[in-house]
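Colleague: Spelled out, the chains give:
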Amino acid sequence: MRYKLFEQLYEQHSDTIYQYIFFLVNNKELAEDLTQEVFFRAYKRLDTFAGQSTLYTWLRKIARNLVYDHYRRKRMIQFVPFVSNDVWQDDQLLPNEIFEKGEELITLYKAITHLKLAYREVLILRKIEGLSIKETAMVLGCTEAKVKNNTTRAIQSLKKIMKEKEDE
Amino acid sequence: MKKELDALFHELSLIKRDSKQKKESLQLLLNRIEEDKNSLRRTKLWRPMITVVMFGFVCCLFFLISQSPTTTVQLSRGEDMISSLQGNHRYIQTINVSSSHSLNYFPRDDANFYFGMEKKVDPFQGVNTELKDLLLTAKPIQKQNIQPLFTIIRDVQVNYTDHKSHLKGTLFLKIIFIDTNKKLLYIKDMKNDKWYKIEGAATEKLQTIKAASSFPNSLFGLLNFYAPIFLISFLVGLIIKDKFPIIKRTPKYVDKKHQWIDRSIVGGGIVILTGSIYYLGVIHVLFVFLIPIIILIYRFYREFNFRAENKRQYLIINEFIVFVLFMIGYFMGV
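These protein sequence lines are chains A and B, in that order.
Going by my numbering, the first sequence opens with residue 1, and the numbers climb by one from there.
Going by my numbering, the second sequence opens with residue 1001, and the numbers climb by one from there.
Hint data in this document are derived by calculation from the structure and do not stem from the laboratory.
One or more hints might be untrue.
Quick list of in silico lysine-lysine cross-link-like pairs, BS3-like style, CA-CA up to 30 Å [unchecked claim]: (1) B:Lys-1182 x A:Lys-4; (2) B:Lys-1119 x B:Lys-1194; (3) A:Lys-44 x B:Lys-1139; (4) B:Lys-1023 x A:Lys-28; (5) B:Lys-1132 x B:Lys-1016; (6) A:Lys-110 x B:Lys-1243; (7) A:Lys-28 x B:Lys-1311; (8) A:Lys-28 x A:Lys-160; (9) B:Lys-1016 x A:Lys-110; (10) B:Lys-1132 x A:Lys-61; (11) B:Lys-1037 x A:Lys-28; (12) B:Lys-1037 x B:Lys-1252; (13) B:Lys-1257 x B:Lys-1197; (14) A:Lys-61 x B:Lys-1257; (15) B:Lys-1311 x A:Lys-116; (16) A:Lys-110 x B:Lys-1020; (17) B:Lys-1210 x A:Lys-61; (18) B:Lys-1241 x B:Lys-1191; (19) B:Lys-1016 x A:Lys-28; (20) B:Lys-1016 x A:Lys-148; (21) B:Lys-1252 x A:Lys-116; (22) A:Lys-61 x B:Lys-1194; (23) B:Lys-1022 x B:Lys-1037; (24) B:Lys-1119 x A:Lys-116; (25) A:Lys-44 x B:Lys-1243; (26) B:Lys-1210 x B:Lys-1257; (27) A:Lys-116 x A:Lys-163; (28) B:Lys-1020 x A:Lys-28; (29) B:Lys-1016 x A:Lys-44; (30) A:Lys-163 x B:Lys-1016; (31) B:Lys-1243 x B:Lys-1311; (32) B:Lys-1037 x B:Lys-1257; (33) A:Lys-61 x B:Lys-1020; (34) A:Lys-116 x B:Lys-1257; (35) A:Lys-134 x B:Lys-1252; (36) A:Lys-165 x B:Lys-1016; (37) B:Lys-1205 x B:Lys-1243.
This one's a predicted model, so the numbers in the text were calculated from it and none came from an experiment.
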């Protein structure tokens, strides 16, 4: 019974979780692995889910923690920033769908990968997943004002990066 | 531009996941869950075992501490202060001093078992016979009703030897200095519940005992033993946090119950420690070590049993190692 319910949960939410992770790590294989890990942890901890938020919000929090863990494991010492620009830029990791949709989308995708993690996260939640400011603030565990601020700054940075890319 | 960007974001959101990969991933996930069920049965058995082993280790350590041979062999239990020190063949070797606010409690164990007791105090800097002569000027008096408000009380363990028989003995004296009168002090011999008073010039000389600090101030030990341990454990903690990784935002407590029990133990421990130090002047080393050990074992149990995946138990093991090193350092006399 629990198995069945869990499979349903996976069917229902795994795509969105995968997408969220994918845009944060920019690697299909890794995103797939981390998505699996999210659901594995969720299964193990299903009893501790208190119902204070929706199951989806809970799953996304697990996903977010895992992505942060992943970056933490990668960096050598604490003082080195979370994401290095050189790490991500591997065109082989770009999904075919992005290639198919044209140059503009590739530029946007690449520009997103150049953003710092906090900006990237807020853009994914607000613009790609379409969450409200309130929901985003809840997922990120910060104030709504900070979400607004980060969104504005993220878009500004994104535009700047895209312009630079176009000029190149 | 903004509208264009929104449209692009929308297109990006429509990118689909590879369905074949999704199916494979689900199958792998179900296999993992099945494997995990089997391993969980095994871990459920050995997880409490670790806590038991840690507790057993601590108990053994305490047993060894409490069973360690004491250096003092009582010469004669019945002898009072004057008869203990009288005679040319009897010499005071060392005294151990601690402050106190109590007229009844006295730290009677080996001085090494007390925090807050200054060991081997030499009030007259090498003049061995002077302290003995001063104490021998004491006159027996009736039991006094002293109000501790205007007094300074020092608990003094006087270790003396008999050069003839080569035996050792200890006197447990409570020396009561009067704030308003520096030419009078009272002594309570705790072994026999006898009271003495000393008056005149001898009293002024004995004031040096009052000045003895209650806490050891070993700068050497602090700089060369404890500070490097702290530093190394801090660095090890950073590496553990970084490599496992343990995330800063992980709540300190597993749940509300954990929070309340942990805070109660810490709060109770602080009350016991500060209360003892203030009122009794000393605290037995068993309490000093037992309270942190209970806290560490409880934290380890909660972390390991309820959220092992957060890996904070490694930090507790690190703290535990530091703590054991501190205990070893203390008993080695660092």
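Colleague: Evaluate each hint against the coordinates.
Modeller: Hint check:
1. B:Lys-1182 x A:Lys-4: violated, 86 Å
2. B:Lys-1119 x B:Lys-1194: Holds. B:Lys-1119 to B:Lys-1194 sits at ~24 Å (cutoff 30 Å).
3. A:Lys-44 x B:Lys-1139: violated, 77 Å
4. B:Lys-1023 x A:Lys-28: holds, 15 Å
5. B:Lys-1132 x B:Lys-1016: Outside the cut-off at roughly 93 Å; violated.
6. A:Lys-110 x B:Lys-1243: holds, 29 Å
7. A:Lys-28 x B:Lys-1311: Judged against 30 Å, a Cα distance of about 27 Å means the pair holds.
8. A:Lys-28 x A:Lys-160: Between A:Lys-28 and A:Lys-160 the Cα gap is close to 26 Å, so the pair holds against 30 Å.
9. B:Lys-1016 x A:Lys-110: Distance of about 18 Å is within 30 Å: holds.
10. B:Lys-1132 x A:Lys-61: violated, 73 Å
11. B:Lys-1037 x A:Lys-28: holds, 28 Å
12. B:Lys-1037 x B:Lys-1252: holds, 28 Å
13. B:Lys-1257 x B:Lys-1197: violated, 55 Å
14. A:Lys-61 x B:Lys-1257: The hint holds at about 23 Å.
15. B:Lys-1311 x A:Lys-116: holds, 27 Å
16. A:Lys-110 x B:Lys-1020: The hint holds at about 26 Å.
17. B:Lys-1210 x A:Lys-61: Violated: B:Lys-1210 and A:Lys-61 sit about 61 Å apart, past 30 Å.
18. B:Lys-1241 x B:Lys-1191: violated, 54 Å
19. B:Lys-1016 x A:Lys-28: Distance of about 11 Å is within 30 Å: holds.
20. B:Lys-1016 x A:Lys-148: holds, 28 Å
21. B:Lys-1252 x A:Lys-116: The hint holds at about 28 Å.
22. A:Lys-61 x B:Lys-1194: It is violated: about 71 Å lies between the C-alpha atoms, which goes past 30 Å.
23. B:Lys-1022 x B:Lys-1037: holds, 23 Å
24. B:Lys-1119 x A:Lys-116: Given pair B:Lys-1119, A:Lys-116 is violated - Cα atoms ~59 Å apart, limit 30 Å.
25. A:Lys-44 x B:Lys-1243: holds, 23 Å
26. B:Lys-1210 x B:Lys-1257: Answer violated: B:Lys-1210 to B:Lys-1257 is near 46 Å, above 30 Å.
27. A:Lys-116 x A:Lys-163: Given that 30 Å is the threshold and the Cα spacing comes to 17 Å, the pair holds.
28. B:Lys-1020 x A:Lys-28: Cα-Cα ~13 Å, so holds.
29. B:Lys-1016 x A:Lys-44: Between B:Lys-1016 and A:Lys-44 the Cα gap is close to 27 Å, so the pair holds against 30 Å.
30. A:Lys-163 x B:Lys-1016: holds, 27 Å
31. B:Lys-1243 x B:Lys-1311: holds, 11 Å
32. B:Lys-1037 x B:Lys-1257: holds, 27 Å
33. A:Lys-61 x B:Lys-1020: holds, 26 Å
34. A:Lys-116 x B:Lys-1257: Cα-Cα ~38 Å, so violated.
35. A:Lys-134 x B:Lys-1252: Measuring from Cα to Cα gives roughly 26 Å; hence the hint holds.
36. A:Lys-165 x B:Lys-1016: This hinted pair holds, its Cα atoms lying about 26 Å apart.
37. B:Lys-1205 x B:Lys-1243: Not satisfied, since the Cα-Cα distance of roughly 61 Å exceeds 30 Å.
When the structure is compared with the earlier hints, violations turn up for hints 1, 3, 5, 10, 13, 17, 18, 22, 24, 26, 34, 37 and for no others.
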